[in-house]
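Chemist: Sequence:
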Amino acid sequence: MDLLNARQQYDLGRTQLIETLQLDPFGAYDFQAPAVADSVESPARCDLAALLRRAYQKRPDLAADRAEIEAADEGLEVAEAGYWPSLDLSANYGSNWSSAARQPIPGTGTEPELVTVQPVGGGEPIQLPRPGTGADPAFRRVSVGDQLDQRRGGSVSLSISYPLFDRFRTRHRVEQARVQRENARLALQDRRQQVAVQVRRAYQNYETARKRLSVTRQQVRAAEQALRAAEQRYELGAATIVELSQARSRFVQAQSDRVEARYDYFFQQNLLKYYTGTLDPSASLFE
Numbered sequence: 022m023d024l025l026n027a028r029q030q031y032d033l034g035r036t037q038l039i040e041t042l043q044l045d046p047f048g049a050y051d052f053q054a055p056a057v058a059d060s061v062e063s064p065a066r067c068d069l070a071a072l073l074r075r076a077y078q079k080r081p082d083l084a085a086d087r088a089e090i091e092a093a094d095e096g097l098e099v100a101e102a103g104y105w106p107s108l109d110l111s112a113n114y115g116s117n118w119s120s121a122a123r124q125p126i127p128g129t130g131t132e133p134e135l136v137t138v139q140p141v142g143g144g145e146p147i148q149l150p151r152p153g154t155g156a157d158p159a160f161r162r163v164s165v166g167d168q169l170d171q172r173r174g175g176s177v178s179l180s181i182s183y184p185l186f187d188r189f190r191t192r193h194r195v196e197q198a199r200v201q202r203e204n205a206r207l208a209l210q211d212r213r214q215q216v217a218v219q220v221r222r223a224y225q226n227y228e229t230a231r232k233r234l235s236v237t238r239q240q241v242r243a244a245e246q247a248l249r250a251a252e253q254r255y256e257l258g259a260a261t262i263v264e265l266s267q268a269r270s271r272f273v274q275a276q277s278d279r280v281e282a283r284y285d286y287f288f289q290q291n292l293l294k295y296y297t298g299t300l301d302p303s304a305s306l307f308e
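Numbering (my numbering), first residue to last: 22 to 308.
Since the hints were derived computationally from the structure, they do not count as laboratory data.
Note that this is a predicted model, so its numbers are computed, not measured.
Note that CB positions come from ideal geometry on N, CA and C, so glycine has one too.
Take the hints with a grain of salt, since some may be wrong.
[Claimed, not checked] Label-pair ranges, simulated between beta-carbon atoms:
no., residue 1, residue 2, range
1, D82, R190, 26 to 36 Å
2, S277, T229, 44 to 54 Å
3, S164, G142, 27 to 37 Å
4, L300, R206, 19 to 29 Å
[Stated by the list, open to error] Calculated lysine-lysine pairs in the DSBU-like style (CA-CA distance at most 30 Å, straight line):
no., residue 1, residue 2
5, K294, K79
6, K294, K232
7, K79, K232
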């Protein structure tokens with residue numbers, strides 16, 4: 022009957038593992054139990070206060086909440102900046118050129134014109150004709166460097182503005198930023214409380230697993246001694262086969278409890294590391 026119950030528990034465990042791993046329920050799988058390190062024979066005690074301090078420092082969710090508070094503080098500073106005058110300074114400098122730019126060559130293509138000359142001794146100005154060439158002026162291409170030098174330009178502007186009345190927009194933004202900062206602080210407090218409860222619960226479960234591990238080790242030793250004594254009495258005819266079978270059953274049960282306690286200890290140990298933010302995903306869970 023015990024063997025039948027054990028087989029049933031084994032099959033149920035395999036089914037739960039397949040469901041947890043989201044495997045094909047119709048597939049054939051061979052699960053191997055991981056080896057447990059020898060260090061489990063001397064489980065270490067933990068200090069709850071040290072675990073809480075470590076969790077407050079290492080938990081990534083607490084770090085994210087602290088970053089939210091910093092962002093809210095910066096958002097409040099940005100919102101309050103709307104109360105202050107703003108000073109804008111701008112400057113630009115540039116030039117341009119064109120591939121079609123041309124300029125006339127001096128002395129070519131000039132038209133006849135009258136030139137006014139003032140006599141040295143005084144009197145009325147005299148206009149004298151200046152003959153032209155009588156032809157269209159000649160042009161030459163203007164180089165890029167000359168165009169950039171001739172067409173340089175820039176400007177500098179400075180302006181200051183003061184918000185006299187903005188329909189209370191700045192006030193609303195500041196109030197909203199303060200509410201967001203306060204919400205971020207309350208969220209951090211709630212998270213710290215949750216972390217404390219999680220760590221305390223994990224610590225209690227770890228201590229229970231550690232004590233259970235020690236108890237099952239003693240139970241195995243006691244059951245083994247009882248089995249040896251029962252075998253000796255059976256050989257001497259002082260014990261029946263039923264008593265010997267019961268001693269063997271208690272020894273097997275003690276060994277089974279010991280194995281279960283060893284794996285439960287490592288599970289609770291790593292669960293404690295998880296809640297304190299110190300669990301290394303790349304490390305083995307049973308070392």
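Chemist: Indicate, hint by hint, whether the structure satisfies it.
Modeler: Hints, verified against the model:
{"no.": "1", "hint": "D82 / R190: 26 to 36 Å", "result": "holds (35 Å)"}
{"no.": "2", "hint": "S277 / T229: 44 to 54 Å", "result": "violated (18 Å)"}
{"no.": "3", "hint": "S164 / G142: 27 to 37 Å", "result": "violated (48 Å)"}
{"no.": "4", "hint": "L300 / R206: 19 to 29 Å", "result": "holds (28 Å)"}
{"no.": "5", "hint": "K294 / K79", "result": "holds (10 Å)"}
{"no.": "6", "hint": "K294 / K232", "result": "holds (18 Å)"}
{"no.": "7", "hint": "K79 / K232", "result": "holds (27 Å)"}
Consistency with the previously given hints fails for numbers 2, 3, ordered from lowest to highest.
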